[in-house]
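Residues in the sequence shown are numbered consecutively from 248, following this note's numbering.
Calculated from the structure, these hints are not laboratory results. Being a predicted model, the structure only gives us computed values, none of them experimental. Don't be surprised by glycine CBs; every beta carbon is placed ideally from N, CA and C. A portion of the hints provided could be inaccurate.
[Claimed, not checked] Label-pair ranges, simulated between beta-carbon atoms: (1) Tyr678 - Ser846: 50 to 56 Å; (2) Leu1029 - Leu1098: 30 to 36 Å; (3) Arg1002 - Ser1042: 18 to 24 Å; (4) Gly798 - Asn596: 21 to 27 Å; (5) Leu413 - Gln576: 49 to 55 Å; (6) Leu1029 - Gly798: 52 to 58 Å.
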Amino acid sequence: MQLLETLEISHSSLRNLFSLCSYTSLKNLNLSFNHLANLEDLGINCGGKSLHNLESLDMRNNLLTEIPNWLSENLLNLHYLYLSGNLIENYDHLPLKNFSSLYLMDLSNNSLTEIKKDFLLGCDNLQYLYMSRNPIIYIQRQFLKAVSNLVELEMVESRLTDSIWLEISDISKRLRILNLSRNRLTKINENTMSDLRLEVLNVSYNRIVGLNSNAFGSQTNLITLDLSYNLITDVPVRFSQNMTNLVHLLLNNNNIKVVQSEAFMGLGKLESLDLSFNSLQELMPQVVGTLEHIVNVNLSYNHLRVLNSDLFFKFKQMKHLNVSHNALQELPFLYGNVALQDLDASFNNITKVIAQTFQDLKELQTISLSHNLLSSLPFRMFKGCDNVKTIYLSFNLLSHLDDDFFTSSPRLTFIDLSHNKITAMNNIFRYLNHLKFLQLSYNKITTLLRNQLPRSLETLDISNNNIHQISSHTFKTLSNLRYVDLSVNNLTTLSQDEVEIAYNLLSKPTFNLVYNPLVCDCKLEWLKDWYDGKFKDTGTLPTFQTTLTYGCISPLYSTKMPITSLRSDEFLCHYEKHCDKTCVCCDYDVCHCKYTCPSSCQCYIGDKFLNIHQVHCFNANLTDVPGKIPEGATLLRLDGNNLPSLREHSFLGLTHVVDLYLNNSHIHTVENNTFKGMKSVRSLFLNNNLLTIISPGVFSGLENLERIFLQNNFISLIDPQALLLPPYLYLINLRENDLNTLPIDGLWGFVNRSRESGLKVRFSLSQNPYSCQLDFVCKFVLFIRDSADCIEDISDIKCSSNSLGQQSYYQDGFTLLDFQIELCSENQSFPTNMSRNSVHSSSAKGETYALIAACVVIAFGLALLIVAYMNRDFLQVLCFTRFGLRVFKMAKATEDNDRPYDAFISYSSKDEDFVIHQLAPRLENGDKKFQLCVHYRDFPVGACIAETIVRSVEASKRTILVVSDNFLDSEWCRFEFQTAHQQVLNERRNRVILILMHDLDTEKLDSTLKVYMRTRTYLKYDDPWFWEKLMFAMPDVQHRKPPENIPCHMNGNMQYMPQNVTLQHPHRRVPTSCNGVRCETIHNDMYEIPILDSGSVHYQLANGRCCCTHTNSAYHNSDLSDSTSGFHNGSVSSYGHYEEVGPSSSSMQSTPHKFVGTPPPVPSIPKEGFLPIGRVKTAYV
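Let's have the full structure, built from the sequences with the hints guiding it.
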């Protein structure tokens, strides 16, 4: 230990120390930052010379209060003494008298109030003295005289006055650094300064008012002069004429209004000049003209209005120029300042910038022009500024920047254009491949488009704009993105594609979306799933920073709702008309996937992943169920209306409705089959109405009904069959009705069935006036006790009336749960006090009631027969459509077996669109697959039209007439009608089917057709049962006679096409054979078959075995008069080109079919087109 040279025990809360007298080799002792209060506790008061080798003693930041004189006697060779940060306020007489070797002493931050003359006596070689921040009140004269070799003196914030200058004069010989800042000096003493040869003088934060021209006349060695934070008002002439070595001059934070000419003359080496925070209004070139080596110039926070264009011309080495916070209206030319790196001209009144201002400043890196009045900037303002990296243009009036504005500065990494009036980004930033930070907040940008942002961007702040649209994949190419601020904009919706990010990012960026008027509709449902953690594919989604409780606008609610309070199924889109993009029949009036919301309703639909479709017609003062309710609806609200009666088939076609609300609608009657076809309904709300009876078939059609709410009605009778009809029903609410009794056997059956199916049955039966008759009570109590786990309000069920007029065994209000079931075995008959007359009276009343009931049943049966007879046609169609049965009459199925066609279609070519796209596909491709004869396909070329029509009618079991004004204008159509009519007269059978397309012009009707329409039933195209009636009028296909093999050659007579026909390519002669007979197909170029829009498709005529065809090119798209068949002298109709196929004896399939996998199913919606308008193309065959 005797060889120890350095000992450090700092930051240890040390209060005393063992004796160090034996450590004779100790040179450095560090006991700083402890709790030592007395030097006596250090163990260094050894006497003699035991610690004479100690050179450095560090006692900073302890609790010392005095300096004893024995310290210098024991530490004779001490060089460095650190006593700052203590509580020293006293010292012994001559405390430092033996510190002749002391080189540095730090007594700053203590409590010294008085410094005596002999305080430093004995410190002859002291060169550095620090006594700052002591509350000195009195200094005895010549206290510094003993330290004449002092090089640096620091007495900052020590309450010094101008008398200190006399003390300093005693040490002027070698003093180089003098720091007297934060004191009470009012002047610079010229006499004292004349003896000093300072290098650094700091008198900042004093009260100096004026400067004398000769104050610093002898300071030829001065390098740094800090006069900041004083009260100086002007800089006199030749103020610095002899300070030839001055490098840094700080005059900031004064009240300087004028800098005299030649004030800075002689400052040839000056590099830094700070005149900020003064009151300068003008700065002439003569003032700074000689500062050729200036590097930093700070003129900020003055009142400068103009800077002469030549002011900085000679500043070839200037790197930093700050003229911010002035009143400048223009910037001076800086094209000569080739070394300039940073320019700050912010917070001025600059309205324009000359194009050449920054020209060729190749070293320029940072430009700040924020907080000005710039409304435009010149094209390529930064031409030649290749190294600019940061530009501040915020808080201006800029509304537009050219796309090439920044092209001269390809190394830009930071751009701030916030608080302007920019409306569009265009391609301003697209090619800045080094840009990392882009600040565009507080502008008027409305859209954010793809490819407007560079790939290198890391942070984008585009908050507080008017953005309402973001293009898809805008952020997908930004591989370095970290943060995007989209807050406080007008975003109402946001799709996943609009915020999609690159998949290979190391860390996900954060998107700030707060304070946007987001609409919680179907387009934003994905964001709710993201918040709830339900979103599976989050690899290309960022992290969203938003306030979950911030309200978003929901289409379902009138007020803003927090995202967290909304369910996923409440994110719906409102529509008046809607057709999904995948729908193929949007162009047609009748389309199963095109919806129109009823005028009195509000309709909402979910996104493509959320199968929700709600129709809200509540509180609309409706008196009937609206027509044309969208067929895809999954929830229908009709509550709060005035619907006294629900007629049968009121909801026909609504097969997707899951929840049906009919509560609070004054309903008193629900007919049987009202809900027919609503096979998806699971919850039915009929509560709070006026219902009195639940009949057996009222819930017919509700195949999947699970819950029914009938509370708060006037129901007094429930047929048990009504409860057993829905197989999955498990919840029934019958509270608050007028039920005197219940069908207990039906309830038992319902409960047992549900239990066998594993369903948890639930009843609500209380608050009904149940009879207190013993026979009912016994059965009811047994039921509720056995089903106690199913009845939610079992404790509230009471008997409260004797509705049958018989004596009650129990009093009103008796809780049935408290009933003693043993009484049932003791009281199996009426009470003994009942009279015989009352029994006979009851029996007589029962017979009367039975007679009345029988009469009612008979009357109802007669009425039903009358209604059935009056609607027999409709009943025939309904039975045939639903069950495939023909009632009342049956056609002879075998009479037409020799006719190969099921129907011949007669129509005007102007109605060809309906026939090709709806009628023919519906009949040929449906379940029945009828075989039709149509003009555009089946008439042979070159044959006599009249003869062909007659043969077609005779070869068909039915003739379908598509009657319209166009039909009446066509002579061929009328001929076809006469032919069909003549066949009816000859055979005495009605084979004609009239389809009335619209109301006809009666003046065009001939007498025969008028009579026919009066005496025969015809079909209206706008009839909702049109297709069902048409199918009923068509012949039965099960009696069709199999086709026979016919030689496949054309002989001019009408023949029927064999089977297995394959259409060949034009320009080929392909020999074919059928049953050993060789034939060939003759092809020309001009006939085509209408096909679906597809790629490579193989076409084949179905249901045929052999084909001999004759395609003719003699007639190409002839525009004929409106003939019936579209043919005249061998021409085809103006609709397009069609293949002409010679008929054969076997039945002939009409339309070419496209086989690509499984053929598509026939749409189930009446009058639906198979090909949308405008999508019919042609292919040569």
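Hint check against the structure, violated hint numbers in rising order: The structure conflicts with hint 4 only, although it agrees with all the remaining ones.
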